[in-house]
Amino acid sequence: MTRDEITPAIMEIFQREFEIVNPDLDKDLRETYGFDSVDAIELLLEIERLLKFELTHDEKKLAMDIRTMKQIIDYVELMAGRKDR
Amino acid sequence: MTERRVVITACAAITPIGHTRGEIVESLRVGRSGVKPLREDHLLSKYIHSQVFGSVDYPIEYDFKRTHRKTMGPVAYYACQVAKEVLEASGLAQEFVTSGRLGVAFGSTHGSPTVQREIYKTFFGGSRSEFSAIGAVDYLKSMVHTTAVNITRMFGITGRVIASGTACTTSSQSIGYGYEMVKHGMQDAMICGGADEYDTTTVAVFDNLLACSTAFNDRPSRTPRPFDVDRDGLVVGEGAGAVLLEEYEQARRRGAPILGEVIGFACNNNGGDLILPNLAGITETLRIGLRDAALSPDRVDFISAHATGTKMGDIIEAQAIHAVYGDRPMVTGLKGYMGHTMSTCGVIETIITLYMMAEGFIAPTLNLEKPDERCAMIRHTPALEAQPISIAAIQNFAFGGVNTSLLVKRFV
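Chains A and B, in that order, give the protein sequences. Sequence positions in the first sequence follow my numbering and run 0 to 84. Sequence positions in the second sequence follow my numbering and run 4 to 415.
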């Protein structure tokens, strides 16, 4: 899965699941859009559905420091790459 | 410890007989029942003998933000809606709401059965797909204190939280414990109540215990029949209710409308059987309530009886009322109108009592046509009485042997 495919897919998840439309890539999601800890856990499940494989516990822990859309896209790209390997 | 006066300054209910005060009062005046046929649920309904349910079958316009909605099952929607209506009606300043001096006492029978059902479907469905996993928020939607904490979250309330989950005494305990919080100065105000969503699991439980009404499946509005010779069991219902309890001096200073004063509360346990009603236990509850309110029995002029319409329960309650109050106060079993709204019945019956206090009438027990002679020794309300209520007792009893009595006084 390429970055060009990941970005619109994550944007679509944000609109569908969190009612957040076209979030800024660099702004803090919690401060700007009220994206909280419960949302973050839900997002991980959505990412698994997107990638069509289950993330390991350690991989999920990696996501806990994510604050921005750009970091989410980076993370998904990294995970997609792991799958490819 | 200093004892302070506790008044009710706002209330709201979602009931099978209406949402607004006007709708509920009209239903009481014309004798309109909220009991309807049990809906098909593609799981349990076809196995249940009792095919009636006290149903909220009108639309409710919710206006909740996504960040609030995501942790709410149907039961929390009900709870947050009545809490929202109460806070809006109260006129409380936002600074007070978030000050830590306002608490929440709110509960439900068992969280959200609708969400729990989805969890079980995933768990027992045989699917190994990791993509049908149980959602992260499912616990927050279904846990037993989901109503209380969704209310605190929605309004930024930072005070005490009490989440009673004692089935049919849940919301009467909420009011009682909220009353004690404010009376003893631990909080200056409490939002108290309960909610239960549409749920066939509860019907199945009571059906298995042979406690549900089955003889009126073709005439839902004719059941339950509290104290009536033809009663054949309870009818499960749904709904929500909230009252705002407030310290009297604060309410007076801010010019809040005072709907009534809570003057006493009792809660005890039968100390034995978890199902059967217990005359000694219930009688003692009523006596403790009067002692707490420092009242002689003759001061109470209206009793909202628990009166679920079961064979034994109504007889035991009538005996307890007669032993403590004699045949002076008028007695109404409000479940005749809407069935047994479970965790919510105490607060709904309290709110209806406040409405009747304000309107100056006492509603009759719906479907009480011929009192069972074993229940006939108390003063039933067979027809609407244009009589003011000064002091009311609201009685509720639950599985587990938990009993409550709330004493509420008209504010003059």
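If you are wondering where the hints come from, they were derived from the structure by calculation, not from laboratory data. In this text the structure is predicted, and so the values were computed from the model without any measurement. Hints may be right or wrong, so weigh each one.
Chain B is faced by these chain A residues, among others (derived, beta-carbon under 8 Å) [said to hold, decoys possible]:
| no. | residue |
| --- | --- |
| 1 | Phe17 |
| 2 | Pro22 |
| 3 | Glu30 |
| 4 | Val37 |
| 5 | Ile40 |
| 6 | Leu44 |
SDA-like cross-link-like pairs, simulated, lysine to any residue; straight-line CA separation at most 25 Å [stated by the list, open to error]:
| no. | chain 1 | residue 1 | chain 2 | residue 2 |
| --- | --- | --- | --- | --- |
| 7 | B | Lys124 | A | Glu47 |
| 8 | B | Lys124 | A | Asp27 |
| 9 | A | Lys51 | B | Ala139 |
| 10 | A | Lys59 | B | Val140 |
Every residue, glycine too, gets a C-beta built ideally from N, C-alpha and C.
Here is how each hint holds up against the structure:
Proximity of Phe17 of chain A to chain B holds as hinted, the smallest CB-CB distance being about 7 Å (cut-off 8 Å). Given the 8 Å rule on beta carbons, the hint for Pro22 of chain A is violated: about 14 Å separates it from the nearest Cβ of chain B. Annotation: Glu30 of chain A was flagged as interfacial toward chain B, and the flag is violated, the nearest CB pair being 13 Å apart, outside 8 Å. The restraint placing Val37 of chain A at the interface with chain B holds, with a minimum CB-CB distance near 6 Å, inside the 8 Å limit.
The restraint placing Ile40 of chain A at the interface with chain B holds, with a minimum CB-CB distance near 4 Å, inside the 8 Å limit. Interface hint status for Leu44 of chain A: upheld, as the beta-carbon distance to the closest one in chain B is roughly 6 Å, under 8 Å. The suggested pairing of Lys124 of chain B with Glu47 of chain A holds, with an alpha-carbon distance near 20 Å, which does not exceed 25 Å. Annotation: proposed proximity of Lys124 of chain B to Asp27 of chain A is violated, straight-line Cα distance about 37 Å (limit 25 Å).
Restraint check for Lys51 of chain A and Ala139 of chain B: the C-alpha separation of about 18 Å stays at or below 25 Å, so the hint holds. About 17 Å separates the Cα atoms of Lys59 of chain A and Val140 of chain B, which keeps this hinted pair within 25 Å; it holds.
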